[in-house]
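K.L.:
Protein sequence lines, in the order shown, are assigned to chains A and B. In terms of the numbering used here, the first sequence opens at residue 37 and continues consecutively. In terms of the numbering used here, the second sequence opens at residue 37 and continues consecutively.
Accuracy of the hints is not assured; some may be wrong.
Note: identical chains are not told apart, hence a pair may lie in one copy or across any two.
[As the list claims (entries may be wrong)] Dumping the calculated DSSO-like pairs for lysine-lysine here, alpha-carbon to alpha-carbon at most 30 Å:
| hint | residue 1 | residue 2 |
| --- | --- | --- |
| 1 | Lys437 | Lys58 |
| 2 | Lys127 | Lys298 |
| 3 | Lys142 | Lys418 |
| 4 | Lys411 | Lys127 |
| 5 | Lys46 | Lys134 |
| 6 | Lys394 | Lys127 |
| 7 | Lys437 | Lys418 |
| 8 | Lys411 | Lys437 |
| 9 | Lys134 | Lys336 |
| 10 | Lys411 | Lys298 |
| 11 | Lys127 | Lys418 |
| 12 | Lys58 | Lys46 |
It is worth saying that the hints were derived from the structure and are not from the lab.
Spelled out, the chains give:
Number of protein chains: 2
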Amino acid sequence: MVAVSPLAPKRLPDMPAVAGVKLATAEAGIRYRGRTDVLLAAFGKGTTVAGVFTRSRCPSAPVEWCRARLGGGVARALVVNSGNANAFTGKNGREATKMTAAFAAKALGCRPNEVFLASTGVIGEPLEAGKFAAVMDQLVDRAEPTVWLDAAKAIMTTDTFAKVATATATLGSATVTINGIAKGAGMIAPDMATLLAFVFTDAPIAAGALQALISRGVEDTFNAVTIDSDTSTSDTLLAFATGAAAAHGAPRIARAGDRRLKNFRGALDTVLASLSEQIARDGEGARKLVEVVVEGAVSKRSARRIALSIANSPLVKTAIAGEDANWGRVVMAVGKAGEPADRDRLAIWFGDIRVAHKGARDPGYDEAAVSALMKQSEITVKVALGLGSGRDRVLTCDLTKEYVAINGDYRS
Amino acid sequence: MVAVSPLAPKRLPDMPAVAGVKLATAEAGIRYRGRTDVLLAAFGKGTTVAGVFTRSRCPSAPVEWCRARLGGGVARALVVNSGNANAFTGKNGREATKMTAAFAAKALGCRPNEVFLASTGVIGEPLEAGKFAAVMDQLVDRAEPTVWLDAAKAIMTTDTFAKVATATATLGSATVTINGIAKGAGMIAPDMATLLAFVFTDAPIAAGALQALISRGVEDTFNAVTIDSDTSTSDTLLAFATGAAAAHGAPRIARAGDRRLKNFRGALDTVLASLSEQIARDGEGARKLVEVVVEGAVSKRSARRIALSIANSPLVKTAIAGEDANWGRVVMAVGKAGEPADRDRLAIWFGDIRVAHKGARDPGYDEAAVSALMKQSEITVKVALGLGSGRDRVLTCDLTKEYVAINGDYRS
Numbered sequence: 037m038v039a040v041s042p043l044a045p046k047r048l049p050d051m052p053a054v055a056g057v058k059l060a061t062a063e064a065g066i067r068y069r070g071r072t073d074v075l076l077a078a079f080g081k082g083t084t085v086a087g088v089f090t091r092s093r094c095p096s097a098p099v100e101w102c103r104a105r106l107g108g109g110v111a112r113a114l115v116v117n118s119g120n121a122n123a124f125t126g127k128n129g130r131e132a133t134k135m136t137a138a139f140a141a142k143a144l145g146c147r148p149n150e151v152f153l154a155s156t157g158v159i160g161e162p163l164e165a166g167k168f169a170a171v172m173d174q175l176v177d178r179a180e181p182t183v184w185l186d187a188a189k190a191i192m193t194t195d196t197f198a199k200v201a202t203a204t205a206t207l208g209s210a211t212v213t214i215n216g217i218a219k220g221a222g223m224i225a226p227d228m229a230t231l232l233a234f235v236f237t238d239a240p241i242a243a244g245a246l247q248a249l250i251s252r253g254v255e256d257t258f259n260a261v262t263i264d265s266d267t268s269t270s271d272t273l274l275a276f277a278t279g280a281a282a283a284h285g286a287p288r289i290a291r292a293g294d295r296r297l298k299n300f301r302g303a304l305d306t307v308l309a310s311l312s313e314q315i316a317r318d319g320e321g322a323r324k325l326v327e328v329v330v331e332g333a334v335s336k337r338s339a340r341r342i343a344l345s346i347a348n349s350p351l352v353k354t355a356i357a358g359e360d361a362n363w364g365r366v367v368m369a370v371g372k373a374g375e376p377a378d379r380d381r382l383a384i385w386f387g388d389i390r391v392a393h394k395g396a397r398d399p400g401y402d403e404a405a406v407s408a409l410m411k412q413s414e415i416t417v418k419v420a421l422g423l424g425s426g427r428d429r430v431l432t433c434d435l436t437k438e439y440v441a442i443n444g445d446y447r448s
Numbered sequence: 037m038v039a040v041s042p043l044a045p046k047r048l049p050d051m052p053a054v055a056g057v058k059l060a061t062a063e064a065g066i067r068y069r070g071r072t073d074v075l076l077a078a079f080g081k082g083t084t085v086a087g088v089f090t091r092s093r094c095p096s097a098p099v100e101w102c103r104a105r106l107g108g109g110v111a112r113a114l115v116v117n118s119g120n121a122n123a124f125t126g127k128n129g130r131e132a133t134k135m136t137a138a139f140a141a142k143a144l145g146c147r148p149n150e151v152f153l154a155s156t157g158v159i160g161e162p163l164e165a166g167k168f169a170a171v172m173d174q175l176v177d178r179a180e181p182t183v184w185l186d187a188a189k190a191i192m193t194t195d196t197f198a199k200v201a202t203a204t205a206t207l208g209s210a211t212v213t214i215n216g217i218a219k220g221a222g223m224i225a226p227d228m229a230t231l232l233a234f235v236f237t238d239a240p241i242a243a244g245a246l247q248a249l250i251s252r253g254v255e256d257t258f259n260a261v262t263i264d265s266d267t268s269t270s271d272t273l274l275a276f277a278t279g280a281a282a283a284h285g286a287p288r289i290a291r292a293g294d295r296r297l298k299n300f301r302g303a304l305d306t307v308l309a310s311l312s313e314q315i316a317r318d319g320e321g322a323r324k325l326v327e328v329v330v331e332g333a334v335s336k337r338s339a340r341r342i343a344l345s346i347a348n349s350p351l352v353k354t355a356i357a358g359e360d361a362n363w364g365r366v367v368m369a370v371g372k373a374g375e376p377a378d379r380d381r382l383a384i385w386f387g388d389i390r391v392a393h394k395g396a397r398d399p400g401y402d403e404a405a406v407s408a409l410m411k412q413s414e415i416t417v418k419v420a421l422g423l424g425s426g427r428d429r430v431l432t433c434d435l436t437k438e439y440v441a442i443n444g445d446y447r448s
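Kindly produce the complete structure, drawing on both the sequences and the hints.
P.N.:
Written as structure tokens, this is what we have:
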């Protein structure tokens, strides 16, 4: 048994209903016993959908299914299972997605093309879609609006805590709700490797506008989190907008550039940021949440690359696990990023303590203060390059022996 | 104490003299006590030099020193120290290189610009160059032609074994010798992060030709080895050609394209391949040597990128440490490389056992045979993409809890 991550949020938010969304979970027996492993989210008519997916050249069957159906822009259901990723499963995998969508469409009275799918769990094992048929009717019958925590639990694999977030926004004269659930980049035996996130709102937003909002929203949230530089075959973020708030005066939004979206956009970013931070907090074996800030780069893009080089460096991550403010390894990671950097202008901070300045150790820094800082569970590493105004921020976690144990010892 | 890597070569080669090269080591007390930490190699007149260096944007002071002096093409001495990398040391670092070269030049009666330098050890600590002055005269007095193993030992930091290689080649009517020594990518507290390799030959080869030979030679040897994807600020490979074999009939070679170099080129590649493989065998915490072969890619360059993506994947490396033929993680690593790949054409082998074929698990493979294979200390992972004729090979090692302990626990 893996204990709950010490970085888990101290309390869960109360998750309100989102008008037009009903949820249910069940035990389909995909792989696990004695826990739920399938989630159905059913949506009212007129629900729009948008999504972003793994950049893997070897994506899972459900990712291909969703990509092919996003163009339609409408959704009536989402079916997610844990225990089997339906990835690298060939023709069988494509059949399984088709069958699952057909079961859900029949039970809900919609078209299969309006059913979206995601799977997480082992790679390379055939997914027995028949198991969904056995539970689909009860899922539809039992679906109700407020079981968000149950929903987040059903999609977990090796996550140590359920990940939920919620926010409200003003849209015209109405208050709309945005709820999100996610599962983490916990990757374990064999190949439970997937980041899944689902966002639900009652705001009436056209599919194209929703797509633009989330494509932009993930850039500084989900795309700025790294656990170990590995990319799943199944990463999926889907957003659903039921439009139910139109009944309470929310204006129908056709374009992402609509100025009335300002408040909504902020609330959406809050939900995405919360879910993605929770994923870093549940990185395998993580004992410390690490924020890497790079400023003074030639561009934001350059700052992102340098920040990822630091956040993905095994030597930086093991040093932080060892509570050592090892700025030499940070220099190394800056140097290998391949981005413009001038060694003799570089400054490095751990927390608010500057440890290196103008290409050498900062003569003024207090070893005892840095040692105390490194014992904290949240560490910020900041690098100033002194070249321009490019700035970015990435979240990661430390690299511990538990990571290796989780990913290497599972057979013993 | 770290035990010798279980992957260390079973026996050391006899290292012959290289005419025109004399070696000596000493205890300068840079950082360690009770062991040698400085190496002097003195060369006869007319020795040519070539080098390749880290691509880090934040290189060490000795790397900058050598780069600036390679253009001269002549060398009379090499001074290497362990214990301090003289990296990220600002103005002090530049002064230290200047002083060290001056001490050696005075003791040998040559010009400082003919002295090449390399340092490995902690980053960010000032290097006290005065310590070299105290031992320089005894180094010059004691230098002799055959202490290659002593030389390899003096440049070790956390290496668990000394790395030497030798080969002979026919050049014209003469037999020439190529010797090499290296230290590994063992990186440890705090920041002993450097790959150093030095190659010595008595062949009479012009500096430009020597440069072309080693630039090409490292591509499939040193540049095809990865321990943990981190790149040192100090990586250095220098080659010295004394030309002494001209006295025995070796022709003077002006161009790398000279057809008389064919045999020499093969011998040089053998030495580079041996040294770089020894570095993978001494990766921190390594228990398994891993060869990653990618074939059927659209180009060799694409195959290299995919091979590095696999070889650097923490999930692949931990699975191998756990002796699991986890081909799902190999698919993941192929997918994230960003290179052309068609999931449904992919085949994967561990050793000679095909575990995946045409985008799905190979129905024919024998679990027991694969389990037995994964217990071996040398594992080959092969991926066939089925797209073209691009092929490449990379060496790495597994990722164990010992790696994290070495790099994270050093304070305890």
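K.L.:
Could you run down the list of hints and mark each one as holding or not?
P.N.:
Evaluation of the provided hints:
1. Lys437 <-> Lys58: The answer is neither: 41 Å in one copy and 45 Å across copies each exceed 30 Å.
2. Lys127 <-> Lys298: For Lys127 and Lys298, the Cα distance exceeds 30 Å both inside one copy (44 Å) and across copies (50 Å).
3. Lys142 <-> Lys418: For Lys142 and Lys418, neither the intra-copy (54 Å) nor the inter-copy (44 Å) Cα distance is at most 30 Å.
4. Lys411 <-> Lys127: neither (51 Å within a copy, 33 Å between copies)
5. Lys46 <-> Lys134: neither (40 Å within a copy, 56 Å between copies)
6. Lys394 <-> Lys127: For Lys394 and Lys127, only the inter-copy Cα distance (10 Å) is at most 30 Å; the intra-copy one is 58 Å.
7. Lys437 <-> Lys418: So Lys437 and Lys418 pass the 30 Å test inside a copy (25 Å) and across (28 Å) alike.
8. Lys411 <-> Lys437: Cα proximity of Lys411 and Lys437: in one copy and across copies (17 Å, 21 Å).
9. Lys134 <-> Lys336: neither (41 Å within a copy, 38 Å between copies)
10. Lys411 <-> Lys298: neither (39 Å within a copy, 58 Å between copies)
11. Lys127 <-> Lys418: Intra 48 Å, inter 23 Å, cutoff 30 Å: inter-copy only.
12. Lys58 <-> Lys46: within (27 Å within a copy, 66 Å between copies)
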